[in-house]
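Trainee: Listed here are the chains, written in short residue letters.
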Amino acid sequence: MLEVMWKYDFLQYAFFVGIVIGFLAPVLGVFIVVRRQAMIADALSHITLTGIAFHLYLAQSATFLQTVHPLYMGMGFAVAGSIIMERLRNVYSAYKELAVPIILSIGIGLGVVFLSLADGFNNDLFQYLFGSIIAVSQGDVWLISVVALVVVLLLFFFYKELFFMSFDEEQAKISSIPVRSVNLLFSVMAALVIASSMRILGILLVSSLSILPVAAAMQVAKSFKQTFLYAVLFGEISVIAGLITAFYLDVAPGGMIAIFALILLLLVLSGKKYDKIRRLR
Amino acid sequence: MSTQENGVIQIENVSFRYGTQNVLEKVNLTIEQGSFLGLAGPNGSGKSTLIKIILGFETPDMGRVTLFHVPVSKFKNWEKIGYVSQKANSFNTGFPATVYEVVSMGLYGKIGLFRFLNKKHKKKIDETLQLVGMREFKHRSIGELSGGQQQRVFIARALVSEPEVLILDEPTVGVDTQSVQQFYHLMSHLNREKKITLLLVTHDIGAMTKYVTHVACLNKRLHFHGSSHDFEESELSSLYGHDVTMITHEHDHGGA
Ligand SMILES: Nc1ncnc2c1ncn2[C@@H]1O[C@H](COP(=O)(O)OP(=O)(O)OP(=O)(O)O)[C@@H](O)[C@H]1O
Ligand SMILES: [Mg+2]
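Top line first, the protein sequences correspond to chains A and B. Numbers 0 to 280, taken from numbering that gives the first Met the number 0, label the letters of the first sequence in order. Numbers 0 to 255, taken from numbering that gives the first Met the number 0, label the letters of the second sequence in order.
Residues on chain B that point at chain A, a partial pick, calculated with CB under 7 Å:
id, residue
1, Leu54
2, Trp77
3, Tyr82
4, Phe94
5, Pro95
6, Ala96
7, Thr97
8, Glu100
9, Met104
10, Tyr107
11, Gly108
12, Phe113
Derived from the structure by calculation, the hints contain no laboratory data. Please read all numbers here as calculations on a predicted model, not as lab measurements. All residues carry an ideal CB built from backbone N, CA and C; glycine is no exception.
Turn these sequences into a full structure, and let the hints steer you where they fit.
Mentor: Below, the structure written as structure tokens:
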């Protein structure tokens with residue numbers, strides 16, 4: 000593997016990006032899961048596709064856009080979508096989960112229209128849907144490095160507020176925590192991470208890396224902090240194993256990563272069951 | 000009757016409605032520093048609503064509320080007020096957090112943005128867990144505790160920032176009799192030794208009157224407010240209907 004990596008730049012890029020999102024997606028995923036917003040990742044990834052489709056559509060007439068990375072437009076849409084979603088959550092305060100299907104339908108609806116207009120139903124679309132190793136460019140590496148730096152700093156500084164709000168938003172409010180602003184900040188972070196994970200994981204599988212490792216981590220972790228450690232561990236194993244096998248088997252990396260994340264989850268679940276049975280004896 | 004200067008919470012002529020339904024009508028209530036007030040009333044009588052107004056979650060349609068002589072809307076020193084909500088025990092029990100982590104939340108507002116827990120805070124968390132008798136459970140998952148134990152953890156979270164006032168909304172629901180006793184002993188201790196002003200919402204008038212210094216009975220309007228001694232000598236059956244009889248206490252208050 001190492002020799003091949005020297006040979007191909009794209010492999011180095013793919014592994015770099017993979018390792019970064021193998022960290023970011025599960026860390027953000029912990030908050031997403033405990034806030035009971037597991038569907039939010041899917042809504043944001045679909046709105047990312049809408050942005051990409053919009054870019055492809057515009058690029059037909061505005062040729063200068065052909066040199067620009069479509070992911071920027073995707074990221075812009077995801078951030079805008081996350082802000083709208085946060086607004087909707089405040090409007091439908093008794094039905095907060097409504098915000099997700101609203102954004103999801105807008106995302107897919109507009110996305111399909113722009114893709115049709117841009118004649119985008121081709122191989123590129125396949126890469127966006129399921130992820131790709133060869134498509135990872137040096138531009139992706141820069142973009143994701145910047146996103147990672149920003150998100151890690153924000154998470155570090157707002158960890159205690161996010162933790163408190165995830166557990167009990169009402170109580171956080173009376174403890175003078177700026178709940179609304181931190182919620183908005185979190186949505187924007189989620190949008191940035193989801194849009195950056197898209198390259199490797201694909202739109203349809205983005206949520207697998209932020210949900211499955213967390214689901215497994217929650218089975219074994221004894222504290223909130225430990226949940227992050229395990230989630231990142233499971234996330235990185237899935238990404239590295241997924242990328243290597245995807246490369247040799249020549250399949251879409253998103254699928255392999257999701258499969259490894261699932262295998263880890265099953266191992267943890269059965270290990271826990273075995274442990275229980277053993278203790279009962 | 001009450002000296003206004005000592006009123007840490009003052010509710011003046013407060014009315015509130017949800018839509019067209021009157022929930023509170025012209026409620027006047029002063030909670031004095033150092034007192035332990037039991038607020039009783041049947042289901043739907045507006046107790047939780049009154050608490051929400053005190054905490055600024057709802058704004059009254061009429062009247063005003065001051066905390067430490069500052070109108071609620073302008074009040075900033077929220078760390079002076081601890082609150083254990085009626086819903087505290089209905090958190091997501093699968094939440095992966097330890098008792099220690101949950102109690103530490105109580106300090107976050109006081110610490111402020113861009114700052115972190117230090118040694119002193121950690122010591123304070125240990126002391127508070129000790130106070131509520133949950134220190135040996137420090138590293139246990141919050142979801143794995145019994146209802147009564149969880150409740151003590153939430154009380155610790157409200158206490159850890161050293162509030163001057165503690166507000167508890169029906170904390171003894173679903174807690175066994177022995178734990179209720181322990182709970183009231185803890186409250187008495189906080190009130191007498193730590194000089195914390197307490198506002199306790201409850202259905203259970205019988206268990207409460209032995210420990211509180213003052214009683215208020217609410218049913219849209221305030222039907223009674225006075226010392227617990229006066230309360231025992233008044234009749235309140237009208238508020239509760241005829242099927243609920245007051246539980247009388249074994250100890251004697253020195254004749255009528
Ligand atoms: N969010 C709300 N929207 C509309 N009406 C509400 C709302 N919350 C409470 N109410 C109504 O206001 C009234 C008072 O409710 P509140 O929760 O204050 O009662 P309570 O005295 O705390 O009752 P309980 O003992 O059951 O906790 C009830 O009739 C209730 O139906
Ligand atoms: Mg209530």
